[in-house]
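Colleague: Here is how the chains run, residue by residue.
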Amino acid sequence: MNTPEDPIDAQLREENNYVEDGGFNARVINALPRRQRAWLRPVILLGAIAIGSVLAIRWLPWGNLPALDLSASLSFDSQLSQLWMPWMVVILVVASLVWGLVAALQWED
Amino acid sequence: MSFTDADLIARVLAHEDHHAFGELVRRYQSPMRAFLARMARGDSHLADDLAQETFLKAWRKLNTFRGDARFSTWLFGIAFNEFRSAVRARKEIATDELADPPPEPQTAATDSNSRLRLDLTEALKRLNSHERAAILLCCQNGLSHEEAAQVLGCPLGTVKTNILRGKENLKRQLSL
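These protein sequence lines map, in sequence, to chains Z and U. Quick note on numbering: the working numbering labels position 8 of the first sequence as 8, and the sequence is numbered without any gaps. Basically the working numbering = 1-based index in the second sequence + 1000.
If you're looking for bench data, these hints aren't it; they were derived computationally from the structure. Each residue gets a CB set at the ideal place from its N, CA and C atoms; glycine is no exception. Treat the hints with care, as some may be off.
Unchecked claim - In silico lysine to any residue, SDA-like type, Cα no more than 20 angstroms apart, as pairs:
1) U:Lys1125 to U:Phe1071
2) U:Lys1061 to Z:Ile29
3) U:Lys1125 to Z:Asp9
Stated by the list, open to error - Example chain Z residues on the side facing chain U (calculated, C-beta under 10 angstroms, incomplete):
4) Asn17
5) Leu40
6) Gly47
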C-alpha cells in the first residue's frame, strides 16, 4: 500500500517549473575563458632560446677566455675575478639556454 | 545519440570542448537557476548572475570533480557556495538573510478563519536560508539527505532537522 504523499512535497514538485534558457546558455559559453593554445608557450620559449643562442654566440668572448688555472684560482689573489668572471658569464648563459630548452621540450599544458 | 554527463565531462577535460560544456549547461541551467531564485527570494537577476558564476566556476574546477557524486549534486554545491558568498558580500541581503526569519503575518497567525493563504513561494521566503535550501534540494530537486548534507556542508542530522522544521513552518503558513 502506498503511503500518502506529503502535501508540501507534492506542491513543491508541482511548482518546480522548467526555467526557459532565454540566452543563458550563450551568455555562459561566451564568458568561458578562451581555449589555451598549448603550443604557444613552448614556441615562445624556443624562440627566446634561439635568439639568446645567437646573441651568446655573437657577443660572448669565446676566443678570449682565459685559461683555467685551478691552483691560481684557489689562492684567492686579486686576479681571481679576472680569471673566473668570463667563465662564469659563459656558464650562466649556457646553463640558462639549456634550462630553457629542457623546459620547452618538457612543457605540458 | 545522447551523451552521458560523464562523456561530456570527459570531452571538456580532454579538449576544453565548449559544445560539450554547453550541453551540460543546457541540462542543468533550469534547476540551478530555479534553486538560486528561490534562495535569493525571487531575485531572478541575482539568481542568474549566481548561476552564471556557478557554471564558470564549474568549468574552471571541473578537473576536481571526482565523479563519486552526481554532477548535479556537485553543481548544487557550487551554487550554494556562490549564494553564501553573495550573502556575505551584499550587506543588504546579508542583513536580511542572517537575521531570524521574519515573523508570520498577523493575518495568518491569528485569524484562523482567514481565507488568505500564502502561496508556497511566499511561504518559502519566510524560511531561514538553511531550511529553505534543505527543502529545495531534497523535496524539489530530489537529492537524498546525504547528498544535501554534502551540498550544504553540514551534518546529516542538521539537514533532517532543517527539513522537518521547514516543513512544519510551511504547513503552518499554508494552513495544511
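Colleague: Closer than 10 angstroms between Cβ atoms is the bar; does Gly47 of chain Z clear it against chain U? Give me holds or violated.
Modeller: Constraint on Gly47 of chain Z not satisfied, violated at 24 angstroms.
Colleague: Hint check: is the beta carbon of Asn17 of chain Z less than 10 angstroms from a beta carbon of chain U?
Modeller: holds, 7 angstroms
Colleague: Per the CB criterion, is Leu40 of chain Z less than 10 angstroms away from chain U?
Modeller: violated, 14 angstroms
Colleague: Holds or violated: Lys1061 of chain U with Ile29 of chain Z, Cα cutoff 20 angstroms?
Modeller: Given that 20 angstroms is the threshold and the Cα spacing comes to 15 angstroms, the pair holds.
Colleague: Regarding the pair Lys1125 of chain U and Asp9 of chain Z, is the alpha-carbon distance no greater than 20 angstroms?
Modeller: holds, 16 angstroms
Colleague: Check the hint pairing Lys1125 of chain U with Phe1071 of chain U against an upper bound of 20 angstroms on the C-alpha distance.
Modeller: The hint is violated at about 27 angstroms.
Checked against the numbered hints given earlier, this structure breaks hints 1, 5, 6; the rest are met.
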